[in-house]
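Peer 1: If you read the sequence shown in our numbering, its first letter stands for residue 20, the second for the next number, and so on.
Simulated from the structure, these hints should not be mistaken for laboratory data. In this text the structure is predicted, and so the values were computed from the model without any measurement. Please note that a few of the clues may not be correct.
[What the hints assert, rightly or not] Derived lysine to any residue pairs resembling SDA-like cross-links, with alpha carbons at most 25 Å apart:
id : residue 1 : residue 2
1  : K90       : V142
2  : K47       : N27
3  : K90       : V101
4  : K63       : T53
5  : K63       : V142
6  : K63       : H129
7  : K90       : L31
8  : K90       : I146
9  : K90       : N27
10 : K63       : V110
11 : K63       : L73
12 : K47       : I146
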Amino acid sequence: MGKKVSMNMLYLVGTALIVAGFILPMFKGLFGATANGFDFIGSKFGMRTIGALLVIIGGACGLALNFVNVKNPSLKLLAVLVSIAGGVLLVIFFNDNSISKFAGKQLIKHAYIGFYMLICGWVVALIGARK
Numbered sequence: 020m021g022k023k024v025s026m027n028m029l030y031l032v033g034t035a036l037i038v039a040g041f042i043l044p045m046f047k048g049l050f051g052a053t054a055n056g057f058d059f060i061g062s063k064f065g066m067r068t069i070g071a072l073l074v075i076i077g078g079a080c081g082l083a084l085n086f087v088n089v090k091n092p093s094l095k096l097l098a099v100l101v102s103i104a105g106g107v108l109l110v111i112f113f114n115d116n117s118i119s120k121f122a123g124k125q126l127i128k129h130a131y132i133g134f135y136m137l138i139c140g141w142v143v144a145l146i147g148a149r150k
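Modelling step: build the complete structure from the supplied sequences, incorporating the hints.
Peer 2: Next up, the structure:
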């Protein structure tokens, strides 16, 4: 039999919210079009793509670390911090043309369920990583 893995449920829920928030629509456009995290990973590779990749990779690694017996608990915190850094990059470099600059000024107005799940996931995972 394998070793028993002690699971932190708060951290598990937080990282699951990060991954789910990335998959669900994060922004709603003017004509009802929505964009999830995968829409920011496109053929034009840039800082938005790096930010989106960091969000999903950090969240997925954090989710996987729940099921592995980790000797260094700061790895869980590092996974969440990588995801948050990706979110910061995504928001900063979202304003790269005039249309998105207008939408960026009204970011909260155009935010959708995935955006709020990401924020909640980051907060819950940070609280869970401290245990």
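Peer 1: Does each hint hold? Answer for all of them.
Peer 2: Consistency of the hints with the structure:
no.: 1; hint: K90 - V142; result: 23 Å, holds
no.: 2; hint: K47 - N27; result: 33 Å, violated
no.: 3; hint: K90 - V101; result: 19 Å, holds
no.: 4; hint: K63 - T53; result: 19 Å, holds
no.: 5; hint: K63 - V142; result: 31 Å, violated
no.: 6; hint: K63 - H129; result: 23 Å, holds
no.: 7; hint: K90 - L31; result: 17 Å, holds
no.: 8; hint: K90 - I146; result: 19 Å, holds
no.: 9; hint: K90 - N27; result: 14 Å, holds
no.: 10; hint: K63 - V110; result: 17 Å, holds
no.: 11; hint: K63 - L73; result: 16 Å, holds
no.: 12; hint: K47 - I146; result: 29 Å, violated
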